[in-house]
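K.L.:
Let's have the full structure, built from the sequences with the hints guiding it.
Same order as they appear, the protein sequences are chains A and B.
When we follow our numbering, the leftmost residue of the first sequence carries the number 1, and every step to the right adds one.
When we follow our numbering, the leftmost residue of the second sequence carries the number 1001, and every step to the right adds one.
No wet-lab data here; the hints were simulated from the structure.
Values in this document were obtained by computation on a predicted structure and should not be read as measured data.
All C-beta atoms, glycine included, are put in the ideal place defined by N, C-alpha and C.
Check each hint, because a few of them may be wrong.
What the hints assert, rightly or not - The list that follows gives simulated cross-link-like pairs (lysine to any residue, SDA-like), each with its CA atoms no further than 20 Å apart:
| hint | chain 1 | residue 1 | chain 2 | residue 2 |
| --- | --- | --- | --- | --- |
| 1 | A | 204 | B | 1435 |
| 2 | B | 1750 | B | 1561 |
| 3 | B | 1537 | A | 293 |
| 4 | B | 1814 | B | 1086 |
| 5 | B | 1021 | B | 1125 |
| 6 | A | 152 | B | 1032 |
| 7 | B | 1149 | B | 1086 |
| 8 | A | 312 | B | 1638 |
| 9 | A | 173 | B | 1067 |
| 10 | B | 1241 | B | 1223 |
| 11 | B | 1643 | B | 1696 |
| 12 | B | 1149 | A | 149 |
| 13 | B | 1782 | B | 1803 |
| 14 | B | 1097 | A | 228 |
| 15 | B | 1149 | A | 148 |
| 16 | B | 1097 | A | 192 |
| 17 | B | 1097 | A | 252 |
| 18 | B | 1528 | B | 1721 |
| 19 | A | 173 | B | 1638 |
| 20 | A | 173 | B | 1073 |
As the list claims (entries may be wrong) - Derived Cβ-Cβ restraints for the label pairs, each shown as a range:
| hint | chain 1 | residue 1 | chain 2 | residue 2 | range |
| --- | --- | --- | --- | --- | --- |
| 21 | B | 1291 | A | 255 | 29 to 39 Å |
| 22 | A | 239 | B | 1529 | 52 to 62 Å |
| 23 | A | 149 | B | 1536 | 16 to 26 Å |
| 24 | A | 302 | B | 1050 | 50 to 60 Å |
| 25 | A | 239 | B | 1412 | 18 to 28 Å |
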Amino acid sequence: MNIVRYDRRTFLRSAAGVLALPWLESLCRADGNSGSSPRRFAFIYTPNGYNQQTFLPQMTGRDWDLPPALEPLTNLRDRVSLVTGLDREFVPGTGVHAQCGSCWLTSSAPQETLDGGFPTNITLDQHIARKIGAETPLPSLELSCNDFTNSKETKYFESISWYGPGHAAKTEKNPREVFQRLFGRPDGDVLNRSVLDKVHADAKRLAATLATDDREKLNEYLDSVRQTERRIQLAEQAAARIGQPPFPEPSGIPEPRGEYLRLMGELIVHAFRLDLTRVATLVVDPERWDSPRMFHGVFDSPQNHHVLTHTKGDEAKAKITEIDRFSGAVRL
Amino acid sequence: MLRRLTRLEYNNTVRDLFGLKYDIFMFPERLPVANKQYFLESSDTNLGDWLQTSMREYGQRYDVLLPLQGLPGDNRAEYGFANRGDSLNFSPLLFEKYLELAHAIAHSERLERDSPVMANLLGKTWAPPASLATRNADDATSTVSVALKFAPNDNIARQAEGNDTWKGAFVTELTEAFEHGSGGTFDVPASQNNQTIAGKGGLIRVAVGGATLTINPNVDLWLAAFATAQETSGDHLLTNKIKGEKTFELTFKVEDGGDDAGVEHLGVCVLARKDQRGLVTLTAVLSDGNETSRQAEIDPDQGNVFFSFVASPGAVIRKLRVDGSQFSGDYVLLDDIGFILSGVEGNRELPPVPEDKRENIVSPEPVASSIDPSLPLSGRLAQFLRLAYRREVSEPEVATTVALVRQSVDAGASEPDAVRVAVQSVLSSPEFLFLSEPFDPKGGSVRPLDDFELASRLSYFLWSSMPDNELLAIAARGELANPETLGQQIGRMLRDRRRSRELSESFAVQWLKLDQLYSSKPDRQLFKEFYSGPQGKSTLHGAMLTEPLLLFETVLVEDRSVLDLCDPEFTWLNVQLAELYGLRESLQQTRTAAGESENSAHDKDAGRDWYRVPLPDRNRGGVMTMAGPLMLTSLPLRTSPVKRGAWLLETVFNRPPAEPKVAFVLEENKPDGGNDLEQMSVRQRFEKHRSDANCYSCHSRIDPPGFSLESFDAIGKLRTHDGTQPVDASGVWNDTTFSGSAEFKAALRKREQEFVRGFVEHLMSYALGRPIEHFDMPAVTKIVDDASTDGYRLSHIIEGIVLSYPFRHTRNVKGEGP
Chain A
1 MNIVRYDRRT
11 FLRSAAGVLA
21 LPWLESLCRA
31 DGNSGSSPRR
41 FAFIYTPNGY
51 NQQTFLPQMT
61 GRDWDLPPAL
71 EPLTNLRDRV
81 SLVTGLDREF
91 VPGTGVHAQC
101 GSCWLTSSAP
111 QETLDGGFPT
121 NITLDQHIAR
131 KIGAETPLPS
141 LELSCNDFTN
151 SKETKYFESI
161 SWYGPGHAAK
171 TEKNPREVFQ
181 RLFGRPDGDV
191 LNRSVLDKVH
201 ADAKRLAATL
211 ATDDREKLNE
221 YLDSVRQTER
231 RIQLAEQAAA
241 RIGQPPFPEP
251 SGIPEPRGEY
261 LRLMGELIVH
271 AFRLDLTRVA
281 TLVVDPERWD
291 SPRMFHGVFD
301 SPQNHHVLTH
311 TKGDEAKAKI
321 TEIDRFSGAV
331 RL
Chain B
1001 MLRRLTRLEY
1011 NNTVRDLFGL
1021 KYDIFMFPER
1031 LPVANKQYFL
1041 ESSDTNLGDW
1051 LQTSMREYGQ
1061 RYDVLLPLQG
1071 LPGDNRAEYG
1081 FANRGDSLNF
1091 SPLLFEKYLE
1101 LAHAIAHSER
1111 LERDSPVMAN
1121 LLGKTWAPPA
1131 SLATRNADDA
1141 TSTVSVALKF
1151 APNDNIARQA
1161 EGNDTWKGAF
1171 VTELTEAFEH
1181 GSGGTFDVPA
1191 SQNNQTIAGK
1201 GGLIRVAVGG
1211 ATLTINPNVD
1221 LWLAAFATAQ
1231 ETSGDHLLTN
1241 KIKGEKTFEL
1251 TFKVEDGGDD
1261 AGVEHLGVCV
1271 LARKDQRGLV
1281 TLTAVLSDGN
1291 ETSRQAEIDP
1301 DQGNVFFSFV
1311 ASPGAVIRKL
1321 RVDGSQFSGD
1331 YVLLDDIGFI
1341 LSGVEGNREL
1351 PPVPEDKREN
1361 IVSPEPVASS
1371 IDPSLPLSGR
1381 LAQFLRLAYR
1391 REVSEPEVAT
1401 TVALVRQSVD
1411 AGASEPDAVR
1421 VAVQSVLSSP
1431 EFLFLSEPFD
1441 PKGGSVRPLD
1451 DFELASRLSY
1461 FLWSSMPDNE
1471 LLAIAARGEL
1481 ANPETLGQQI
1491 GRMLRDRRRS
1501 RELSESFAVQ
1511 WLKLDQLYSS
1521 KPDRQLFKEF
1531 YSGPQGKSTL
1541 HGAMLTEPLL
1551 LFETVLVEDR
1561 SVLDLCDPEF
1571 TWLNVQLAEL
1581 YGLRESLQQT
1591 RTAAGESENS
1601 AHDKDAGRDW
1611 YRVPLPDRNR
1621 GGVMTMAGPL
1631 MLTSLPLRTS
1641 PVKRGAWLLE
1651 TVFNRPPAEP
1661 KVAFVLEENK
1671 PDGGNDLEQM
1681 SVRQRFEKHR
1691 SDANCYSCHS
1701 RIDPPGFSLE
1711 SFDAIGKLRT
1721 HDGTQPVDAS
1731 GVWNDTTFSG
1741 SAEFKAALRK
1751 REQEFVRGFV
1761 EHLMSYALGR
1771 PIEHFDMPAV
1781 TKIVDDASTD
1791 GYRLSHIIEG
1801 IVLSYPFRHT
1811 RNVKGEGP
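P.N.:
So this is what it looks like as structure tokens:
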């Protein structure tokens, strides 16, 4: 009999953030206007937990040891603060995987379930974006490397960024489209202002006829229109400032998984460097999904990450370590 | 009630709004059915005993309006369907996608050509364009459309020495060229198997967006499949026809391009073949007289080799010379000729899809346009808005749309372009993207739907699309709410099979979770029979998806009892499934009875032939004992009674088990066999788990139905043993002990209303776009009771749902807040 209490596992899933040093300083200056260069925040999520034995360091403090799964961080060791022990309480009633990524950054307490049984609510990245995102074309950037084409799982398995209870941010999964969103001059034809004005007016008129619940739903649309109007203005200014994009447009999702992850990481770096956004989230892979996928260069055949985490034995554990290490290759 | 259209509904709505015969863009919810004629042309009452259908490979290109556009997908709701309003969100990113898509639709030249509505909206009369077959009559058979994917089988092992570009970079450039209509890949189509391209005179014509590339060999070439080679795309390759004639050349020419048009960049794969090896040299002959050669040792242990050539500036590649004289095999095998053309006018329109690839076109008959082209602009716009918003529109709504057109004209746009801007705004408007049922201050806390709201509910339920002209006309007359009229409309709409196919392909697929089927990848060593063909590229996924769809469609077309979904006396089989199920004899008897001989002609494509086969016993029959559901609830290496049990409780009874509160790790065998688990079956290990008090309360419900299916392995094949242990498929259900699926079905039938009720709840939730609540239960009970009077016929249930109180009413509570 092997029972692991979920709160323990959930912690592991939730501890997926790597914050840049000096950690406290960056939190202290979250208002974004106290330093000379803007503060930036990236949240990178990897699913299904880690193999603790090879992921957690033995020592704390400056001399922390680099465990095998974190080897990709070797050159950055001195600039990384690893924070462990951020526990989160599991709330019975919904699935465990559905409460991992979706609750990681939530501002709701575990027992606060404004979204059916789920404690989803405005997430940390969106709070920060509201505070410091006003000056950049994109208040925040939500990326995901979940390229499974079936939608077998609910949004709770693949969304880490939420605008509010039950309201998940859509993620961009194709590097090419991220690139176009970042560096493409907003197409005046496509994002025609008179069209925006028109649908904005349509939405306001429709909202006036709706009951409160429905109006809240329609607010998602209205907010989207406002954000797009804002983005057009700021993006035009940014495009004039930046000139040429820093590298050629990617052709799509690279087939080797490592290249895909690195490319998405690079896009975040460039978006930060050129001050196109200051807040980003990246989902390295969704929770569960139970589909095998290739980890190119690591295993010869497709592997099912989720099933491995429920498999006993050293072989499965060793594979999880490999996957943990592989995910570490996305570094900013 | 307010809910956004799903991706499928958006596609269908735009398609029907403009009266198109094909999809707007490609998306994974569109099942890869290669042939749906059996359903589209079925009689009103019978699907017959034999039909032909098959599945294309997932992801294969098919004819759509905008091949390069799309929308992000919608997640399914918790225990529910993707169309549930509460789970469908909106974001800035999505809004921009809608704007882009609406812009592309409004500006599509093909739309203007093919859509009577668009033409009439622009004030033009419309005549159906000549069909593609007619326009391409002279060369329709010999021209091959260029493909986007270069060597998609991902089995290139090496590159030739000195290549100008490595495959990754080549593919990036090629993709870009493809999208600009100036490049792509020639891949030998399966339909051309065993064709010969005559030396000197023969031509392979490859249609690129902006031009046509011709490839002319100097010796006879052969389009063929080799069992001992691994193609880099598809199953077919290009080689010398005459044995041993291993030195030849291909001459490239570009038709319809500029004078200087030619091949600028070339990539090609040379395939390795079992037991054959040796040096192969490829030489590019340039227009400036220069030649570039590359060599590679072809070796079966080292795999396929990629060659690439880039013409020097100002020159193009005229010829590719192939020299396999030092290669030990008799044939030099080429595959995937990728080329990027220079001097070709870029053109984003993709080449037409040849007729033989058009089988999957979703083609409802185009609606007669209800826009009168002779009306002034405001009149035409009013008619368009009414269609797009699926209701009567107000004067101010028309006026603001007219104003938008005027504004664009004033800014210098032509009137047609200004109308296109208006179309973009209409397709991006919340009135189009959402189904809304506004608050009525005069109504009570629940109000009846008005006729237009009812028309939309009905059409999105049965068609996943907008109401057609007839429904809108009835709604405009205020007659739709009449139960008799509703009954007639349901009958008419179900018989419109081109649209009602979504009940099967959207509802049934989501209900049975068949959308997860292609994610199941059984272990290649343990389940060899699942894979066939070269490299095991052919799988049983398609057949496993077809079987449950055919059962659902039989119940739909023949208006059978929904109990047939779980316990019928027949199933649909093709040869592969009959083999897997051990029912070859039953299949043969059916074929003999149908007057076919044992060695009937169409054995080659036998997978396409499906027979309605009477079942010899009750082990098979019904969705829960089909290979598809049995496999999608299994793991790659073994069955999972828990997954199967949970699937059954959710799908069949709509009473999904609670999520586990503790994590559990099932102990697997140690590879060295050093533990006592080795001798335990999966079932025994679960019994061990269930004996824990923490687990018992849930598993006492989940496990019995799961155990009843233990006599099927992880790909749904009957078995007597799990490892070394005999299978134990016994349990208790409805106070009846059972052993195996046949007896479980008998036990289930003792309270068959539990199944019917589960089915009604699922279908009703899908119809309403929201979860079923406690206050819906009286309606559910009534539908089940009413349907029981004639054996739970599907039409009776559908009619019961449509006539029910929840379907015809909406909540009407203003609520707190601003």
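K.L.:
Now, for every hint given, state plainly whether the structure supports it.
P.N.:
Going down the list of hints, with the structure as the test:
1. A:204 with B:1435: 16 Å, holds
2. B:1750 with B:1561: 16 Å, holds
3. B:1537 with A:293: Cα-Cα ~16 Å, so holds.
4. B:1814 with B:1086: 18 Å, holds
5. B:1021 with B:1125: Within the cut-off at roughly 19 Å; holds.
6. A:152 with B:1032: Holds: residue 152 of chain A and residue 1032 of chain B sit about 17 Å apart, inside 20 Å.
7. B:1149 with B:1086: 38 Å, violated
8. A:312 with B:1638: 15 Å, holds
9. A:173 with B:1067: 18 Å, holds
10. B:1241 with B:1223: Holds - the C-alpha atoms of residue 1223 of chain B and residue 1241 of chain B are around 8 Å apart, at most 20 Å.
11. B:1643 with B:1696: This hinted pair holds, its Cα atoms lying about 16 Å apart.
12. B:1149 with A:149: Holds: residue 1149 of chain B and residue 149 of chain A sit about 17 Å apart, inside 20 Å.
13. B:1782 with B:1803: 11 Å, holds
14. B:1097 with A:228: 11 Å, holds
15. B:1149 with A:148: 19 Å, holds
16. B:1097 with A:192: 13 Å, holds
17. B:1097 with A:252: 17 Å, holds
18. B:1528 with B:1721: 18 Å, holds
19. A:173 with B:1638: 32 Å, violated
20. A:173 with B:1073: 11 Å, holds
21. B:1291 with A:255: 29 to 39 Å: For residue 255 of chain A against residue 1291 of chain B, whose Cβ atoms are near 33 Å apart, the range 29 to 39 Å holds.
22. A:239 with B:1529: 52 to 62 Å: 57 Å, holds
23. A:149 with B:1536: 16 to 26 Å: Given a distance of about 21 Å, which is inside 16 to 26 Å, the answer is holds.
24. A:302 with B:1050: 50 to 60 Å: 37 Å, violated
25. A:239 with B:1412: 18 to 28 Å: Cβ of residue 239 of chain A to Cβ of residue 1412 of chain B: about 23 Å, so the range 18 to 28 Å holds.
Hints 7, 19, 24, counting from the list given before, are not met by this structure.
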